[in-house]
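For the protein sequence lines, the chains are G and L, in the order given. Sequential numbering from 1 applies to the first sequence in full-length UniProt numbering. Sequential numbering from 1 applies to the second sequence in full-length UniProt numbering.
FYI, nobody ran anything at the bench for these hints, they're computed from the structure. Since this is a predicted model, take the numbers as computed values, not measurements. For each residue, glycine too, the CB sits at the ideal point set by N, CA and C. Hints are supplied without guarantee of correctness; some may be wrong.
[What the hints assert, rightly or not] Simulated restraints on C-beta separations:
no., chain 1, residue 1, chain 2, residue 2, range
1, G, 429, L, 232, 26 to 36 angstroms
2, G, 70, L, 26, 41 to 51 angstroms
3, L, 279, G, 70, 26 to 36 angstroms
4, G, 92, L, 316, 48 to 58 angstroms
[To be verified] BS3-like cross-link-like pairs, simulated, lysine-lysine; straight-line CA separation at most 25 angstroms:
no., chain 1, residue 1, chain 2, residue 2
5, L, 35, G, 169
6, L, 97, L, 4
7, G, 501, L, 4
8, L, 19, G, 97
9, L, 169, G, 344
10, G, 425, L, 436
11, L, 35, G, 436
12, L, 436, G, 26
13, G, 35, L, 344
14, L, 4, L, 156
15, L, 279, G, 279
16, G, 13, L, 156
17, L, 283, G, 10
2 protein chains.
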Amino acid sequence: MLDKIDLSKKVDKKTYEEKRDALQIKLGALQRECKAAEMPVMIVFEGMGAAGKGVQINHLIQALDPRGFDVYACNRATEEEQMRPFLWRFWTKTPAKGRIAIFDRSWYRIVQVDRFDGLTDEKDLPAAYQDILSFEKQLSDDGTVIIKFFLYIDKKEQKKRFDHLTASKETSWRVTKEDLKRNEEFERYLRMNEEMLENTDTDYGPWTIIESVDKRYAALKIMTTVYDRLSRELEMRKMQKDNAAPQIPPAAAKENALYKNGVLSGIDLSKKLSQTEYKHEMKQLQQRLEELHSEIYRLRIPVVIGFEGWDAAGKGGAIRRLTSHLDPRGYRVNPTAAANDIEKVHHYLWRFWNNMPKAGHIAIFDRTWYGRVMVERIEGFCTEAEWKRAYQEINEMESHMYNAGTVILKFWLHIDKDEQERRFKERQENPDKQWKITDEDWRNRAKWDQYEEAVNEMLVRTSTTYAPWTVVEGNDKHYARVKVLKSVVDAMEKRIKEVKKKG
Amino acid sequence: MLDKIDLSKKVDKKTYEEKRDALQIKLGALQRECKAAEMPVMIVFEGMGAAGKGVQINHLIQALDPRGFDVYACNRATEEEQMRPFLWRFWTKTPAKGRIAIFDRSWYRIVQVDRFDGLTDEKDLPAAYQDILSFEKQLSDDGTVIIKFFLYIDKKEQKKRFDHLTASKETSWRVTKEDLKRNEEFERYLRMNEEMLENTDTDYGPWTIIESVDKRYAALKIMTTVYDRLSRELEMRKMQKDNAAPQIPPAAAKENALYKNGVLSGIDLSKKLSQTEYKHEMKQLQQRLEELHSEIYRLRIPVVIGFEGWDAAGKGGAIRRLTSHLDPRGYRVNPTAAANDIEKVHHYLWRFWNNMPKAGHIAIFDRTWYGRVMVERIEGFCTEAEWKRAYQEINEMESHMYNAGTVILKFWLHIDKDEQERRFKERQENPDKQWKITDEDWRNRAKWDQYEEAVNEMLVRTSTTYAPWTVVEGNDKHYARVKVLKSVVDAMEKRIKEVKKKG
C-alpha cells in the first residue's frame with residue numbers, strides 16, 4: 001500500500017511561499033472560529049523516522065495563535081508513565097473545548113515503534129487496537145475533531161537523511177541505533193505501519209498519507225488538509241445546530257419500566273451486626289488491609305475503589321474505616337463534586353482519568369464517573385444520547401484499567417427511604433452534622449423513584465466480570481462497613497494470588 | 001538541642017480516644033471555616049526515619065474533609081523532576097486558597113536526607129537555605145499558613161523500630177540501606193537536622209518538635225498544634241479585616257517622579273536595517289539558532305525568554321522569527337492572558353512556575369510575571385504592598401532559576417507613541433488583522449505615561465546580572481527582530497561555552 005505512494009511530488013519555492021502565506025492567514029482565522037465554536041481538535045503526526053515530523057509541526061504552528069494550542073512530544077513512556085494504563089498519558093492531554101492538541105508521535109507508538117522495539121507483546125496487539133479505536137471514538141462522539149497524518153518517505157530517502165544527520169557531530173545524536181535498525185528492516189517496519197493504517201482508518205479518525213520527500217509539498221498538503229477538515233466540521237456543526245430536532249424530554253418512567261423492580265428491590269436491608277461482632281471484625285479487617293496495602297505496593301498492583309449510594313447511606317463513614325489504618329502515601333480519596341471550569345470543557349471522563357492511581361496505589365472515589373448515568377441523566381445535564389452511550393464508554397474505560405492489572409471495586413451503598421429520612425433528621429438536629437445536609441439532599445430525595453430506576457439500569461449494564469458492582473446493605477452501618485472492608489480484602493487477596501502465581 | 005527533648009511523654013488509651021474524638025470534630029469544623037476564609041494551608045511533616053510520619057498524617061486527615069486537602073509524598077526527585085530547579089516540584093504543589101496541602105517530607109530534603117545521602121553538594125547549602133526561606137516567605141506574604149512538624153525519636157527507639165520492621169518479610173522492604181546508615185551515624189544526621197531547625201525556624205514558618213515515641217501523645221500534639229495555629233490565624237485575619245486602613249489609592253505620579261525620565265527616554269528609536277541586511281542577517285541567525293537549540297538540548301541547558309513591550313510593539317512577530325526554525329519538541333510559547341479560575345486562587349507566580357522549562361528546553365513567555373508590576377499595579381489589581389514586594393520576589397525566582405543553570409533573557413520591545421498609533425490604525429484597516437486590536441488596547445494607550453514610569457522602575461529594579469533586561473528599539477521591525485535573535489544567540493553561546501569549560 002505505502003510503496004504505491006508517488007513520492008516524486010514537488011512544489012517550487014515561489015509557489016510554495018505564496019500558497020503558504022495565504023494558507024497561514026486563512027488557518028489563523030479558522031482557528032479563531034474553531035475556538036468560538038468551542039471545538040476541540042487533535043492533530044496526530046506519525047510516520048517514518050526522519051520524515052520531518054518536527055519540521056512540519058513547526059510549519060503548521062507558525063500559522064496558529066499560541067494561546068490556542070499545545071504540542072506534545074510522545075517519547076517512549078517514562079518510568080512514571082509506565083506505572084499507568086497506556087492511554088492515561090494521552091487521555092490527560094486531550095484538548096479542552098476550543099483548543100488544539102498536536103501530537104508528535106502518539107498512542108500509535110504501541111502498535112509500531114514500540115512494537116518494533118520489542119516493548120509491545122504481540123499478544124497484546126488486539127487489545128491495543130481496540131483501546132485506540134474506543135479512545136478516538138469516545139472523543140469524537142464528544143465533539144473532538146481528530147486529524148491524523150502519516151509522513152512517508154521510502155527506504156532510500158530515509159537512509160540518505162540518516163547519513164546526512166550522522167555525518168555531523170551536531171546532529172548525529174539524533175539518530176539512534178533503533179532508527180538505523182528500522183531502516184535496515186524497512187519492510188518489516190513498513191508492514192506494521194500498514195497494518196496500523198488499515199486497522200485504524202475510521203470515519204471519525206481518518207488517516208492522511210503525506211508524501212514527505214519534498215518538504216514544501218508536504219507542508220502545503222498538511223495545511224490544506226487541516227484547513228479543509230476544520231472548515232467542513234464547522235460547516236457541519238452549524239448545519240446540525242440549525243436543523244437540530246428539539247431535545248426530547250427524558251421519559252424515564254415509561255421507557256425504563258424494565259428497571260422499576262430491579263436489583264435494588266431484592267436487597268435484604270435487615271442484615272445486622274452486633275457492636276461486639278463489629279468491633280472484632282473491624283479490627284481484624286483493618287489489620288489485614290494494612291498488610292495487603294503493603295503487598296499491593298510491593299507487587300505494583302493499582303486499585304480503584306468507587307463509592308456510590310443514596311445520600312446519607314454512609315459513604316463517608318465507610319471510606320474512613322477503609323483508610324484509617326492505611327499509609328497515606330499509598331492511597332488517595334478523590335471526592336467528586338460538580339465539575340469545575342477546567343473539567344467542564346473536557347470529556348466527562350477526563351477528570352477521572354487524571355486521578356487514576358499509579359501501580360501500587362489505591363484511588364478511592366467518593367462518587368464517581370457513574371454520575372453520568374445518574375444525576376446527569378436525571379437532571380438533564382447531558383443529552384439522552386450521551387448517557388445512553390456512557391454505559392459502553394465506562395465499560396471500555398474499566399476494561400482498559402483491568403487489562404493494565406487494576407483491581408476495580410464499585411460499591412452501591414443501599415438504604416431504604418425511611419432510613420434516609422431518619423438520618424437526614426438526625427443530621428439536622430446535631431450541630432456537628434448540620435453542614436452535611438443541604439436543600440439539595442431533600443430535592444434529590446424527592447426523585448427517589450427516578451434514581452432507583454437509573455441505579456437498577458446502571459447495575460445491570462455495568463456489572464462486568466472485570467469490574468463488578470457490590471450492593472451493600474446499608475441500613476445497619478456496622479454491617480455495611482464490614483461488608484465493604486471484606487470485599488476489598490477479598491478482591492486484593494484474589495489478585496495478589498493471581499499475580500504471585502504468574503510470577 | 002534535640003537530645004534534650006523529653007521522649008517519655010505518654011497518653012493512655014482512654015484519654016487519647018476521648019481527646020481525639022473531640023479534636024476531630026473541632027478540626028473538621030475549623031477546616032470549613034478556613035475554606036470559607038479562603039486561607040491556604042501547608043503542613044510539613046519532617047523527622048527521623050520510622051518516627052511515624054505516615055501514621056500521623058493519616059491520623060490528622062481522618063479529621064478532615066477529603067474535598068479540601070491533598071497529601072504529597074516527596075521522595076527523592078524523579079529523573080523528570082531533576083530536570084527542573086529544585087523548588088519547581090514544590091511550587092507547583094502549593095495549595096489554592098481554602099485548601100490544605102500536606103507534605104510527607106518536603107523541600108527540606110535537600111538540607112538533610114539528600115544531604116546525608118550525598119545528593120546535595122555542601123557548597124550549595126547556603127543557596128538552598130536562602131531558597132527555602134524565600135519560598136516560605138513569599139507564600140506566607142501571600143496569605144499561606146505554614147505549619148511544620150519535626151517528629152523526633154532517639155537512636156535506640158529508631159533501632160528498635162527498624163529491627164521490628166526488618167524482622168518481617170512483609171515490612172522489611174520499608175527499611176533501606178540508607179535508613180540503617182542514618183541510624184548508625186545518628187549523631188551526624190541529627191546535627192544536620194538541628195542546623196535545619198535553627199536556620200529555618202521563622203515567625204512565618206515556625207517548627208514544632210513532636211516527641212514521637214508514644215504515638216498517641218504525638219497524634220494529640222499534632223492535632224492540637226494545627227487547631228491552635230489555624231484558629232489563631234483566622235482570628236488575626238478577622239481582626240485585620242475589621243481594622244483595615246482604607247487602601248491608599250496609587251500615587252504613582254508623585255511618588256515615582258524618580259522614574260519619569262528613566263531608561264526608556266534614552267532609547268534611540270531611529271535605528272534601522274535595510275530589507276537586504278535584514279534578510280541576510282535573519283537567515284544566518286535562524287540557522288545558528290537551530291544549531292544552538294540542538295546544543296542546549298544536548299547539554300541540558302534550560303532557557304527562559306520573556307517578552308514584554310507596548311501593545312503592537314511587535315512581540316508576536318519577534319517570537320515567530322525566533323521559533324520558525326526551531327524543533328517544536330524543544331520549545332514552547334506560553335501566552336500570558338488574564339488569570340483563569342484556577343490561577344486566580346494561587347500565588348501570582350504559581351502559573352509561571354508551572355510553565356518553567358525542563359533542562360534542555362526553551363520556554364518563551366509572551367508577556368510574563370512582570371504583569372504584577374505593570375498592569376496589576378496600574379489597574380489596582382493588587383495592593384501597593386503587593387507590587388512593591390514583587391520586585392524582590394521576582395528577583396528571587398529568577399535567581400533560583402539561574403542557580404539551576406537557566407539562561408534568562410527578558411526583552412522590553414520599545415516603540416514611541418506615534419508609531420503605536422500608526423500600527424493600531426493599520427490593524428483596524430486590515431481585515432486580517434482587525435482581531436488583533438481591541439478597545440482595551442486604546443484604553444491602555446491612554447495610560448502611556450503611567451506605564452512608562454512603571455516600566456522604568458521595573459527595568460531598574462529587576463535588571464540583574466543573572467537576568468538582565470534588553471530594551472529593543474522597535475520602531476523598525478527589522479532592526480528589532482534581528483536584535484532579539486542576536487541577543488538570544490549571544491546568550492546561548494556564552495552559556496554553552498561556560499558549560500563546556502566546566503566539563
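Against the structure, the hints:
Taking the beta carbon of each, residue 429 of chain G and residue 232 of chain L are about 31 angstroms apart, inside 26 to 36 angstroms as hinted. At roughly 45 angstroms, the beta carbons of residue 70 of chain G and residue 26 of chain L sit within the given window of 41 to 51 angstroms. Our hint of 26 to 36 angstroms for residue 279 of chain L and residue 70 of chain G holds, since their Cβ atoms are close to 32 angstroms apart. Take residue 92 of chain G and residue 316 of chain L: their Cβ atoms lie about 29 angstroms apart, and the range 48 to 58 angstroms is violated.
Proximity of residue 35 of chain L to residue 169 of chain G is assessed by CA-CA distance (about 57 angstroms); at most 25 angstroms being required, the pair is judged violated. Of the supplied pair hints, the one linking residue 97 of chain L and residue 4 of chain L is violated, its CA atoms being roughly 38 angstroms apart against a limit of 25 angstroms. As the CA atoms of residue 501 of chain G and residue 4 of chain L are separated by approximately 52 angstroms, the hinted pair breaks the 25 angstroms bound. The straight-line distance between the Cα atoms of residue 19 of chain L and residue 97 of chain G is roughly 50 angstroms, outside the 25 angstroms bound, and the hint therefore fails.
Only pairs whose Cα atoms come within 25 angstroms are accepted, and residue 169 of chain L paired with residue 344 of chain G is rejected, the gap being roughly 47 angstroms. The straight-line distance between the Cα atoms of residue 425 of chain G and residue 436 of chain L is roughly 58 angstroms, outside the 25 angstroms bound, and the hint therefore fails. At roughly 15 angstroms between alpha-carbon atoms, residue 35 of chain L and residue 436 of chain G fall within 25 angstroms of each other, so this suggested pair holds. For a cut-off of 25 angstroms, the pair hint linking residue 436 of chain L to residue 26 of chain G stands: about 15 angstroms separates their Cα positions.
Between residue 35 of chain G and residue 344 of chain L the CA atoms are separated by roughly 22 angstroms; this keeps the pair inside 25 angstroms, and the hint holds. At roughly 15 angstroms between alpha-carbon atoms, residue 4 of chain L and residue 156 of chain L fall within 25 angstroms of each other, so this suggested pair holds. A distance of roughly 82 angstroms separates the Cα atoms of residue 279 of chain L and residue 279 of chain G; the hinted pair therefore is violated under the 25 angstroms criterion. For the proposed pair residue 13 of chain G and residue 156 of chain L, the alpha carbon gap of about 78 angstroms is over 25 angstroms, so the pair is violated.
Between residue 283 of chain L and residue 10 of chain G, the direct Cα distance comes to roughly 23 angstroms. Compliance with the 25 angstroms bound is thereby established for this hinted pair.
The structure is inconsistent with the numbered hints 4, 5, 6, 7, 8, 9, 10, 15 and 16, although it conforms to all the rest.
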